[in-house]
Amino acid sequence: AQSVTQLDSQVPVFEEAPVELRCNYSSSVSVYLFWYVQYPNQGLQLLLKYLSGSTLVESINGFEAEFNKSQTSFHLRKPSVHISDTAEYFCAVSAGNQGGKLIFGQGTELSVKP
Amino acid sequence: DTGVSQDPRHKITKRGQNVTFRCDPISEHNRLYWYRQTLGQGPEFLTYFQNEAQLEKSRLLSDRFSAERPKGSFSTLEIQRTEQGDSAMYLCASSGMGRTSYEQYFGPGTRLTVT
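Taken in order, these protein sequences are the chains called F and C.
According to our numbering, the first sequence is numbered sequentially starting from 1135.
According to our numbering, the second sequence is numbered sequentially starting from -10.
Among the hints, a few may not be true.
As the list claims (entries may be wrong) - To spell it out: a stretch of chain F is covered by chain C in this simulated footprint if at least three of its residues, at any positions, have a beta carbon under 8 Å from a beta carbon of chain C; those stretches are: (1) 1177 to 1186; (2) 1197 to 1209.
Stated by the list, open to error - In silico EDC-like pairs for lysine to aspartate or glutamate, Cα to Cα no more than 20 Å straight-line: (3) 1183/F to 33/C; (4) 3/C to 67/C; (5) 1183/F to 1200/F; (6) 1247/F to 1142/F; (7) 0/C to 13/C; (8) 1183/F to 92/C.
Keep in mind the hints are simulated off the structure, nothing from the lab.
Ideal Cβ placement from N, Cα and C applies to all residues, glycine included.
Excised from the complex, chain F in its bound form (with noise of 0.2 Å):
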């Protein structure tokens, strides 16, 4: 079975400040990566996925995340925020032979102050 770890409930942060949003899983078998985003009052958004090769992503809004198989870690990172950035994050695992399922982290908050 895959469990996601996100070890921070809220992270406040200042404009233009970088920002590391950690997130640790666990899983006996090889799985696929996955941040998705969710703004107040909308849906969930699809934000990057690892996959394979490159264990750098990015996405097209300056956030990028990195995978650790060592350290089975996933962290979000960008250089620097934006209010507009302020949001739930979510990091989540699906394991290649369960159907795509995903089995989510607890979320992070990421409050961007002025």
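Once you've looked at the hints, dock chain C against the given chain F.
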């Protein structure tokens, strides 16, 4: 591409009543998933379909819950004899085949409140 749609967006019901939710996936997607999200938690997997076949159900899905996807297009999730613990956001997602099967697109959700 109109995205995944869900209906209704909100439902308030009294304990003991039955409710049914509908999900319309992205038209070319053959996989459809249901999740439940409670306040302060991440979504939890309930069940998924590939075309019209229901391939997996979570232990969270008690006998009061049933899901269908009769023609491999839209899906319904029914909860019988609702309980206050069923209050949650019910999310639907869909995905394609092959490598794109791992990219799930979510609908806006149906918020259920059981009074």
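Each hint tested on the structure:
1. 1177 to 1186: holds (count 6)
2. 1197 to 1209: Not satisfied, violated; 0 residues make the cut.
3. 1183/F to 33/C: holds (19 Å)
4. 3/C to 67/C: holds (15 Å)
5. 1183/F to 1200/F: holds (10 Å)
6. 1247/F to 1142/F: holds (17 Å)
7. 0/C to 13/C: Answer holds: residue 0/C to residue 13/C is near 17 Å, not above 20 Å.
8. 1183/F to 92/C: holds (8 Å)
Of the hints listed earlier, the one the structure fails to meet is number 2.
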